[in-house]
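Chemist: Residues per chain are reported as follows:
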Amino acid sequence: MSLTATGQRILLSDVNLSYGNHPVLRGLSLHVDAGEIYALLGGNGAGKSTTMSALLGFARPDSGTVLVAGHDPAAAPDKAREQIAYVPENVALYEHLTARENAAYLLALAGRQPTGDAIDGAFEATGLQNAAWDKRLGGFSKGMRQKVAIAIALLREVPVLLLDEPSSGLDPRATADFNRLVHDVARKGAAVLMVTHDLLSAADIADRIGFLESGRIVDEASAQGEERFDVRELHRKFAREVVAA
Amino acid sequence: MSAVSLIARDELRLMRRNRVAVIAFALLVLLTLAAALISWSHQRSIAETRARFQAQASEAFEAQPDRHPHRMVHYGNFIFRPLGPLAAFDPGVDAFTGNSMFLEGHRQNSANFGDVRQSSLLVRFGQLTPAFVLQVIAPLLLIFLGYGAVARERERGTLRQMLAQGVSARALILGKLLALALVAALVGQPAMIAFLLIAGQPGALAGPMLVIALGYAAYLALWAIITILVSALVRRGRDALLALLALWAVLVILVPRVAPDVASQAHALPTRLETDIAIAHDLHKLGDSHNPNDPFFTAFKERTLRQYGVTRIEDLPVNYKGLLAVEGEKLTSRLFDDYANRSFAVQRAQSGLNDGFGVVSPAIALRRLSMAAAGTDLEGHRRFLTQAEAYRYDMVQRLNRLQADAVSYANDTASDAGADQRKRISAGHWHEIPPFRFKSADAADLVKASVPGLGLLLGWLILAGLALLPVARHLQKARS
Amino acid sequence: MTLIAHELRLLLRSRMAALALLLVALLSCAAVVAGMAEIDRQRDVIARIQPKQAQDIASIAQWVDKEKDAGSAAYYSFHATWDTPAPLAFAALGLRDVAPYILRVRALGLEAQLYDGEAFNPELALPGRFDFAFVLVYLTPLFVIALFHDLVSGEREAARLRMLDALAGSGRHLWARRVGLRGGLLFLALALPLSIGAILSHVPVGQLLAVLGLVALYLAFWIGVTLLIGRMRWSSVANAATLAGLWLVLTLVLPTIAHVAINRVIPVGQGVEISLAQREAVNRAWDIPREDTMRAFYANHPEWKDSPPLTAAFHYKWYLAFHQVGDESVAKKVADYRNAIESRDAAAHAIGWLLPSVGVQSLLTRLADTDMQAQLAYQDRIRAFHKRLRNFYYGYLFTDKPFGKADFDKAPKFEG
Numbered sequence: 000m001s002l003t004a005t006g007q008r009i010l011l012s013d014v015n016l017s018y019g020n021h022p023v024l025r026g027l028s029l030h031v032d033a034g035e036i037y038a039l040l041g042g043n044g045a046g047k048s049t050t051m052s053a054l055l056g057f058a059r060p061d062s063g064t065v066l067v068a069g070h071d072p073a074a075a076p077d078k079a080r081e082q083i084a085y086v087p088e089n090v091a092l093y094e095h096l097t098a099r100e101n102a103a104y105l106l107a108l109a110g111r112q113p114t115g116d117a118i119d120g121a122f123e124a125t126g127l128q129n130a131a132w133d134k135r136l137g138g139f140s141k142g143m144r145q146k147v148a149i150a151i152a153l154l155r156e157v158p159v160l161l162l163d164e165p166s167s168g169l170d171p172r173a174t175a176d177f178n179r180l181v182h183d184v185a186r187k188g189a190a191v192l193m194v195t196h197d198l199l200s201a202a203d204i205a206d207r208i209g210f211l212e213s214g215r216i217v218d219e220a221s222a223q224g225e226e227r228f229d230v231r232e233l234h235r236k237f238a239r240e241v242v243a244a
Numbered sequence: 000m001s002a003v004s005l006i007a008r009d010e011l012r013l014m015r016r017n018r019v020a021v022i023a024f025a026l027l028v029l030l031t032l033a034a035a036l037i038s039w040s041h042q043r044s045i046a047e048t049r050a051r052f053q054a055q056a057s058e059a060f061e062a063q064p065d066r067h068p069h070r071m072v073h074y075g076n077f078i079f080r081p082l083g084p085l086a087a088f089d090p091g092v093d094a095f096t097g098n099s100m101f102l103e104g105h106r107q108n109s110a111n112f113g114d115v116r117q118s119s120l121l122v123r124f125g126q127l128t129p130a131f132v133l134q135v136i137a138p139l140l141l142i143f144l145g146y147g148a149v150a151r152e153r154e155r156g157t158l159r160q161m162l163a164q165g166v167s168a169r170a171l172i173l174g175k176l177l178a179l180a181l182v183a184a185l186v187g188q189p190a191m192i193a194f195l196l197i198a199g200q201p202g203a204l205a206g207p208m209l210v211i212a213l214g215y216a217a218y219l220a221l222w223a224i225i226t227i228l229v230s231a232l233v234r235r236g237r238d239a240l241l242a243l244l245a246l247w248a249v250l251v252i253l254v255p256r257v258a259p260d261v262a263s264q265a266h267a268l269p270t271r272l273e274t275d276i277a278i279a280h281d282l283h284k285l286g287d288s289h290n291p292n293d294p295f296f297t298a299f300k301e302r303t304l305r306q307y308g309v310t311r312i313e314d315l316p317v318n319y320k321g322l323l324a325v326e327g328e329k330l331t332s333r334l335f336d337d338y339a340n341r342s343f344a345v346q347r348a349q350s351g352l353n354d355g356f357g358v359v360s361p362a363i364a365l366r367r368l369s370m371a372a373a374g375t376d377l378e379g380h381r382r383f384l385t386q387a388e389a390y391r392y393d394m395v396q397r398l399n400r401l402q403a404d405a406v407s408y409a410n411d412t413a414s415d416a417g418a419d420q421r422k423r424i425s426a427g428h429w430h431e432i433p434p435f436r437f438k439s440a441d442a443a444d445l446v447k448a449s450v451p452g453l454g455l456l457l458g459w460l461i462l463a464g465l466a467l468l469p470v471a472r473h474l475q476k477a478r479s
Numbered sequence: 000m001t002l003i004a005h006e007l008r009l010l011l012r013s014r015m016a017a018l019a020l021l022l023v024a025l026l027s028c029a030a031v032v033a034g035m036a037e038i039d040r041q042r043d044v045i046a047r048i049q050p051k052q053a054q055d056i057a058s059i060a061q062w063v064d065k066e067k068d069a070g071s072a073a074y075y076s077f078h079a080t081w082d083t084p085a086p087l088a089f090a091a092l093g094l095r096d097v098a099p100y101i102l103r104v105r106a107l108g109l110e111a112q113l114y115d116g117e118a119f120n121p122e123l124a125l126p127g128r129f130d131f132a133f134v135l136v137y138l139t140p141l142f143v144i145a146l147f148h149d150l151v152s153g154e155r156e157a158a159r160l161r162m163l164d165a166l167a168g169s170g171r172h173l174w175a176r177r178v179g180l181r182g183g184l185l186f187l188a189l190a191l192p193l194s195i196g197a198i199l200s201h202v203p204v205g206q207l208l209a210v211l212g213l214v215a216l217y218l219a220f221w222i223g224v225t226l227l228i229g230r231m232r233w234s235s236v237a238n239a240a241t242l243a244g245l246w247l248v249l250t251l252v253l254p255t256i257a258h259v260a261i262n263r264v265i266p267v268g269q270g271v272e273i274s275l276a277q278r279e280a281v282n283r284a285w286d287i288p289r290e291d292t293m294r295a296f297y298a299n300h301p302e303w304k305d306s307p308p309l310t311a312a313f314h315y316k317w318y319l320a321f322h323q324v325g326d327e328s329v330a331k332k333v334a335d336y337r338n339a340i341e342s343r344d345a346a347a348h349a350i351g352w353l354l355p356s357v358g359v360q361s362l363l364t365r366l367a368d369t370d371m372q373a374q375l376a377y378q379d380r381i382r383a384f385h386k387r388l389r390n391f392y393y394g395y396l397f398t399d400k401p402f403g404k405a406d407f408d409k410a411p412k413f414e415g
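These protein sequence lines are chains L, U and R, in that order.
Per numbering that gives the first Met the number 0, the very first residue in the first sequence carries number 0; after that it's consecutive.
Per numbering that gives the first Met the number 0, the very first residue in the second sequence carries number 0; after that it's consecutive.
Per numbering that gives the first Met the number 0, the very first residue in the third sequence carries number 0; after that it's consecutive.
Hint data in this document are derived by calculation from the structure and do not stem from the laboratory.
Some hints here could point you the wrong way.
The list that follows gives simulated cross-link-like pairs (lysine to any residue, SDA-like), each with its CA atoms no further than 25 Å apart [said to hold, decoys possible]:
1. K422(U) x K51(R)
2. K51(R) x A279(U)
3. K51(R) x D441(U)
4. K67(R) x H105(U)
5. K447(U) x E431(U)
6. K400(R) x I101(R)
7. K329(U) x I192(U)
Because the structure is a prediction, the values reported are computed rather than measured.
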């Protein structure tokens, strides 16, 4: 599947998922198209990480449809995961390998053999400073780790990027850098789904924002014009519908 | 209440609530009791068996008919090494040494029928005794219960919190140590109670028992300190556990195995065959009784004749063959002693080198102390061998003198049809030979023998205790 | 770069893993070297005694030659027997440190000689020897635990597990690769020094392969146990503690309990009973008519019954005959004693099916020919040799053939 093709890359339709007797997702529906950035906003326990699990094939819905680039993650997790680059909240890579070695190893696990130049190019694109490329990850900041993870995602050339709380723990400048990077990835044609509770960051880069509460989307906002979102309005909604719940 | 005791109470509460810890502790107590029971009944049956055999052998000896005394020299006697009361706690080398010995004239036999040669290979996996449980397994329990004591606080960030609230790292470490030391005391208690029940009979050896109790207490305290030390030094609980397990494997399992190899390569022990040949050779050099012109025996003959003021052997008032036997036994026996001492000197050097590894491994120091105090070490076996040889010599010489005094030379050298009957003396003489009584070491000797081990252990304890100070300082400054 | 190469780099970058593998290799090397040194020493001792033994016989021959009495020759000549270590003995010293591998016998009663021990320091034997079998049976599981206890849980705790699972195509292969790599390296660390030692010691290829197979199986057992525990999804530290506890039970506690149980269930009528009974039988001969002894002897050994009758004078053929009759009178006790020891041994082997530590130790010592069976086989060889010795001397004694200096060379030679 080519990165530039348009169309629905992520689809959740009327998904119900419960852990034992405890329902977590209750009729969740959302879709993310190629080249689009979707921010899923929600408080604690709204179902954000369960949504991620369902997309990655770690949790099986009781009903509804989940499709990642046309594959059902519950039925064919390997097929779905092949299409996904996943950046967890705390990027955990191998501390005793260098940035380059991490990239080479993890890509090899994913069945790819990028050239050294390609890895360099990806690091360049993420803005990871040159000096860090051959340093062990042990001393990296969270922002630097995220850059390595994004570089790996870029090199995998997959159509779907899942970001789990990407801005938590980043300083404003690192957040801005990161957002720009995600933006570039989306412009190349990837569908990006980020779950977050950072409203400002979401407003900064998302094309659409979904408010998740008790396992379903209770409201959705789309970016419009130069201002994109009315942040104050968003904040009101967030406080009323999400946090208050 | 002071911070130290508060911390200790908290740590103990945590252990009590940890089901796995409680189960492990209970299992160890059960194992200790089982070991004590098994060991006690095992030692008792050994003691009974040996006593029975000893009685049977002595009876058989006294029941021998009228005989030529030299026949009795070769009939000989069997003796058995009795077990001391403390052997049920630590049987030491008992299974590895022969426990019965055949004593006869002009031969020094080996002690035979050690357990190790009539048991399956399992005997080499160690023996389930209270000493084994305390030496090998109890430290492992302390490690399991204590590896996280400080590391856990550090990992979870509670350490910073405590330090911020003004609890000193020293108090923290002491509190944790106090808790673990209490556990150690509890761990050692069942073994000690069993020990008292087994060995604490009237007339028991109070001194050695005290040394043993002291030694094991020091050993367990040492492991408590080591556990806390590592827990405080290592950043993560898992690393503390692995480091402690590695340390335990090296100190308790590996070094005690490597040390004997080094010792036996450093001090080679001659084989029995070589010793036997060497003794025969030396004996031959001293004098050849088969050679009528041998200078040594010619001189002996002349000396004897002069002493009695006669010119012919036949005129002697005593049986010359008996005198010759006495003289011969004196010669061989001196050589036996000489070679036994040499062999023992080598073994002592081996053991000394082995014990030297106690500087590296407290388990070796404790084993030395424990066996020495229980009288079940090499020295204990040596004591048996020495007394056996003394008894053998005395028995043989009594019989030889009977030959000299009670059998006439004429009868002794006759070979006519009735000569055999005339050479025999009354069976009553056999009763005059006292039975073998093993004189066990007295308390003072056992205590003295266990002092080096105890010294090493206490040295370890002091060193480990001192190491707590810089570690506490280090912890005080630790950031995470 | 292949995935295996990546994994290898990842593994060796971890200080603990690299250290653990290095330590296994070092311990394995040290054990092989120590074992070979000990076996070399034993071979040297066996070689060293030969000239001394020859000298000893020569000096006896000198004076026996004067009277040419075969009885004196039989009485005074001790003949050496020895148990040459098998090529593989260095890997598992077994009982060779506590049971004699050299024993001198003469043509008198064998049962009073067969159980003699060698001079050894029991304090050194007590903890057991440091050989390859020890490294394999006791220490290797600890290294397996160190290398495998956090195989999955470590990734989980580092929060990498999801990412690894999410990386498509990894699936089970990732873990299979990691298990294979760690297991393979451990195996190499153990097997390489052993194989070098085996080649230097001229161990037959088939036997070496059997030992290597045993090493692989034992490793597989412990890796399997760690993986099973890993499936419980506990923390790394809980895994490590559980596994160490299991190791303790399987290699230290259960074997010692099994030892007590076996010795309880299968009593060995003390070997000393043989010695006591044999001594009674032998010494009684002096108090009964000598003809009785000779009759009993000829009944079992009719080939000598045409020998001239005894006179009033002492004759060594009577002396040796009553020794043999003494031996024969305790044959039943000897058989019982041996059977009991063999059943104890068999019971331990049976327990080896339940306790891998015991199983591996017993198989290794069997392959190395250093176990109880090897000891008993050595005793059998001594028995066979002793029989030849007796027949040799009887050939002179019962025909009153003079025994000269040259005859000493005709004595049977023990073949080690």
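Chemist: Given the hint that K422(U) pairs with K51(R), does the C-alpha gap stay at or below 25 Å?
Modeler: 39 Å, violated
Chemist: Does H105(U) lie within 25 Å of K67(R) when you go C-alpha to C-alpha?
Modeler: 24 Å, holds
Chemist: Taken at face value, is the distance from the CA of A279(U) to the CA of K51(R) at most 25 Å?
Modeler: With a Cα-Cα distance of about 11 Å, the restraint between K51(R) and A279(U) holds, given a limit of 25 Å.
Chemist: CA of K329(U) to CA of I192(U), is that 25 Å or under?
Modeler: Outside the cut-off at roughly 50 Å; violated.
Chemist: Given the proposed pairing of K447(U) with E431(U), does the C-alpha separation stay at or below 25 Å?
Modeler: 36 Å, violated
Chemist: For K51(R) and D441(U), compute the direct alpha-carbon distance and say whether it is at most 25 Å.
Modeler: 42 Å, violated
Chemist: For K400(R) and I101(R), compute the direct alpha-carbon distance and say whether it is at most 25 Å.
Modeler: 31 Å, violated
Violated hints, in rising order: 1, 3, 5, 6 and 7; the structure is consistent with all others.
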